[in-house]
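**Student:** Chains as they are written, first to last, in the numbering used here: chain A, 471 to 515; chain B, 4 to 534.
FYI, nobody ran anything at the bench for these hints, they're computed from the structure. The beta-carbon is built from N, C-alpha and C at its ideal position, and this holds for glycine as well. Incorrect hints may have been included.
Stated by the list, open to error - Derived contacts from chain B toward chain A, CB cut-off under 10 Å, selection only:
no., residue
1, Phe191
2, Thr220
3, Leu221
4, Pro222
To be verified - Derived DEER-like restraints, expressed as beta-carbon distance ranges:
no., chain 1, residue 1, chain 2, residue 2, range
5, B, Asp381, A, Leu504, 34 to 40 Å
6, A, Asp482, B, Ile142, 54 to 60 Å
7, A, Leu512, B, Ala245, 19 to 25 Å
8, B, Ile495, A, Asp482, 40 to 46 Å
9, A, Arg486, B, Pro71, 56 to 62 Å
10, B, His524, A, Gly510, 41 to 47 Å
11, B, Ile142, A, Phe502, 38 to 44 Å
12, A, Asp482, B, Pro321, 56 to 62 Å
13, A, Arg486, B, Pro321, 50 to 56 Å
For reference, the chains in residue letters:
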Amino acid sequence: MNAEPTPSAFSDDDLRRRRAAARRLGWLLAAFVLGLYLIGLLIKR
Amino acid sequence: MSIATTHPGGHAAEPYQGGLRRWLTTTNHKDIGTMYMMFSLIMFFVGGLMILAVRAELFQPGLQLMKPEFFNQLIGIHALVMIFAALMPAATGFANWMIPLMIGAPDMALPRLNNWGFWLLPPAAILLTLPFTLALFGIGDGALATGWTFYAPLSVQGGMGVDFAILAVHILGISSIMGSINIIVTIFNMRAPGMTMMKLPLFAWGWLITAFLLIATLPVLAGAVTMLLTDRHFGTHFFDAAGGGDPILFQHLFWFFGHPEVYILLLPVWGLMPHVLATFSRKPTYGYKAQVYSFIAIGLLSVVVWAHHFFTAGMPVPALIYFMFSTMAISLPLAVLFFCWIATMWKGAMSFETPMLFAIGFIVLFGIAGLTGLILADVAADAQYHHSYFVVAHFHYALFAGGIMGVMTGVYYWLPKWTGHMYCEKLGKLHFWLTVFSFNLTFIPQFFLGLAGMPRRIPDYALQFAEFNAISTVGAFILGLSQLIFAWNIWITVRGGKKAEGRVWESAEGLEWELSSPPPHHSWETQPVIK
Ligand code: HEM
Ligand SMILES: [Cu+2]
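So here's chain B without its partners, still in its complex pose (with noise of 0.2 Å):
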């Protein structure tokens, strides 16, 4: 790997390209992030798509729309889609257009890595979603349906579509492992002089600590599902009890993979969160190294807790106290995070463009999961809780409200850094409004279903639980739509608009203000010096 060539330097000399071949080629930190958001947007919309077909079959209980087995591969391919393919390239897509601006840094450390990391992930994609949409013309037997968990021995026995997504996610593995290296060897060598580690963004910092999550974790989810494959195709037994085997060893697995995976979501937000709050406070972000220290607790914690999300397969109660308590201690340091957003906000001069009113969103509906996360860490309750509707609820405050409307804070925040445009503020707070309230008509009836008894993944359900669903369906229609009012304003922002000065925001502050909207195709010709 020869990369020194790809330096500006060697850029420059080298025409700029445009079409197709630039972007097959490109080893700009900038078009690369573009590429992934770009990425990200449709898969979110393919991943909505999908959950719009399990919400209108779940509007009314019986059968309407779809055989069983077809309801369980829309629910699997919903979440690894969203989770695999439309959050984690969104914060990779973050990552490529902002840590370079933000710490000074020409372009990242490896350009041709880079670009590698994104070309992998659309044939992962239609790796993922291929055999659904041959069985929906009635080829093969379609995907995965075992949820995005994998669990055994469903997933020994199923067909050829686990063995399609088991394909999809060593190769979506392979690239965030890619993408992980590359931001933390840009992050550890390619700060401009005086940056030091406690004056890097809090961004750059959730994101450090994301990207050494992955690397510790997903070699281990490849491991496991490595494992299934031989199980499927190769005679070994690990897997299944009838061969010696065990199938609760493969929740160990996955799960210690898993439960770091919904931190590795959530941190680069955590880490935008500051600068946004402190832009529309116009103040400075309370408590910075708090901030960082608690990035770093979760980051330890995160992977020490993982059987949480399977009390009830049974295990000694020593352990079941172990990981109660241990997941309990994970709110400590988030409570930290909680308390620096607000102390931010403070008696701060407040204003409420966009990105401000989704900041103010995520952190009361974020708020929600970490309350209700802290009532499934309790092992009693959870024995009732379980696989009911109520973790549904649970994970999309964290996943949605905390993951998705954390990325939209950020698109809305940096979109006239990379565009130069303003984007509509009327749409933008009408697709907050909406956004939100649709939301909460989607998943509030969705903890009341839980509590009631409904479990999750099943195609129908008693008649008592007929009321919250029908309204839970509208909620997702609405909130479905609603998604068009965003899509539809960064095509605007793209295309024209105001023009954004370099200091989009007038308080805001940090080193990717300092360049023009947007920037240059190459960041810092200069180095900046930091004071």
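Just chain A, with the same shape it has in the complex (with noise of 0.2 Å):
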């Protein structure tokens, strides 16, 4: 493995892409922890 320079880092377009993918797959995952907590409430006791 090894770093060579290229021009740029992810260029902005690439990053903000990535960002917006990974904002969208935290609100899942926030989505799925949430439900998770609540099923909780389902327990009959």
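Two chains, each in its own frame: build the complex with the hints.
**Tutor:** Here it is, written out as structure tokens:
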């Protein structure tokens, strides 16, 4: 493995796209977490 | 959440801040990683002081130093501090520092979330320890006295300390979930082109599985302690038999989180090991794929074995048998990992710098944790060993020799990368040998105490246990003092010392070593090329 400088890092566009995808997946995971937490309310005791 | 503005391009425009402002508002993965590591180190000593008080009390039979209530608070808060405020933050600190460097990303995917994740920790740690500190000055009835497991009905009846701990656990859980989400999305979305999942460094793989386990189990813990809270204050009867509830339900919910938690604490370390072993054996990692599949298998199995923590609570025989065999099955993928670690060293040109010493110490001592775990997983044997010191010894081989020594491996391995200075090798070796010696001096006697029938979580014991307890206490104090060498070594390395090169260890492989030590404030201004 080797790092060879290329003209730019993730291009601004590429980075924006990646961050947007990350945010979407992040919210999805957060929704999953909240769902799991709330399932507890269905336990009847 | 508009995070687009905090990407490195935007960052570079801001003036570089110093002082408190910098640390409070930073979104830089290295700053945040450093804060996690420092927080972890401080809490390691806080938790350590607590347990030294416990060992002092246990030096001799009889009650010498404290009331039993206070003793109970000490052991519970010790465990919660060590698990949630020392080990987990250390692993998250590693992730913050290293994952972006390893995968060629400019930063974590969600830098502001990252800042939040850290700054939730100090208030939670205060909540955990405040009632306890106040009680030392005669204010209030102290911290939770149930042990770290919160078992009902004791936790339903306990004082305000339980409420503090419940709140603290919620906050710690939210922080960990934020960290986990960030790590998952970073690994999925921020890898440099060419870094396929099967080229992902094993450390990142270990953390990826950890993060999934965290988001799958922490909500269950949060749910369980919320139910506890409503039982305590809002008239529900989830865990109250008198109201038609079931205290055993709490044990199921707690351990559905609690067992995966032990793998959460270790998977990052298992991910780290092959890097260190390969570097100091001057050979490529043996069995990359086998290790990845083992991580996944362990992750999946870890959520289906929880009831081995309460075999003795009473359950149908088919359930006992199922939980016994599923628990034992985990040792198969674990054995694969051990095999790969050893095979990586096999016929290598090994050298024994401090990180390598800790890695080898980890393998040997953590092996004892696995083997004694198998003994405990045997339903028939566990009837005798459950709630004895044997269990205490088992999980300290797992969590100290496995978890803490694993973290120390990583600290010695990466500290030169983080600070740009070499640590003192002499002090490192001294720290290693003292730690291994005194750790065993502390915990080997506890196996025998457990086999002889000494129960855990008691401030006083029968005369027959006196000698082994005295030895264990002496060991614990040496162990505690030895850690000052560790702190000192870190301190002098941060302050100065021999300059470290970018590739700190001559045969270290991976993108993280392509950058200077310390890496520039913004990692990867230019895109690395993966070959
Ligand atoms: C092959 C691997 C392992 C097996 C079969 C195993 C099995 C067990 C069993 C059956 C118990 C319950 C004993 C009892 O309370 O009677 C136990 C307790 C425990 N184990 Fe393990 N274990 C293994 C590895 C680990 C690892 C890797 C960790 C941590 C990183 C760990 C941490 C713990 C802890 C913290 C407890 C006690 C929790 C408490 O009651 O406070 N174990 N183990
Ligand atoms: Cu377990």
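**Student:** Could you run down the list of hints and mark each one as holding or not?
**Tutor:** Each hint tested on the structure:
| no. | hint | verdict |
| --- | --- | --- |
| 1 | Phe191 | 6 Å, holds |
| 2 | Thr220 | 9 Å, holds |
| 3 | Leu221 | 8 Å, holds |
| 4 | Pro222 | 4 Å, holds |
| 5 | B/Asp381 <-> A/Leu504: 34 to 40 Å | 39 Å, holds |
| 6 | A/Asp482 <-> B/Ile142: 54 to 60 Å | 55 Å, holds |
| 7 | A/Leu512 <-> B/Ala245: 19 to 25 Å | 23 Å, holds |
| 8 | B/Ile495 <-> A/Asp482: 40 to 46 Å | 41 Å, holds |
| 9 | A/Arg486 <-> B/Pro71: 56 to 62 Å | 60 Å, holds |
| 10 | B/His524 <-> A/Gly510: 41 to 47 Å | 43 Å, holds |
| 11 | B/Ile142 <-> A/Phe502: 38 to 44 Å | 41 Å, holds |
| 12 | A/Asp482 <-> B/Pro321: 56 to 62 Å | 60 Å, holds |
| 13 | A/Arg486 <-> B/Pro321: 50 to 56 Å | 55 Å, holds |
The structure shown violates none of the earlier numbered hints.
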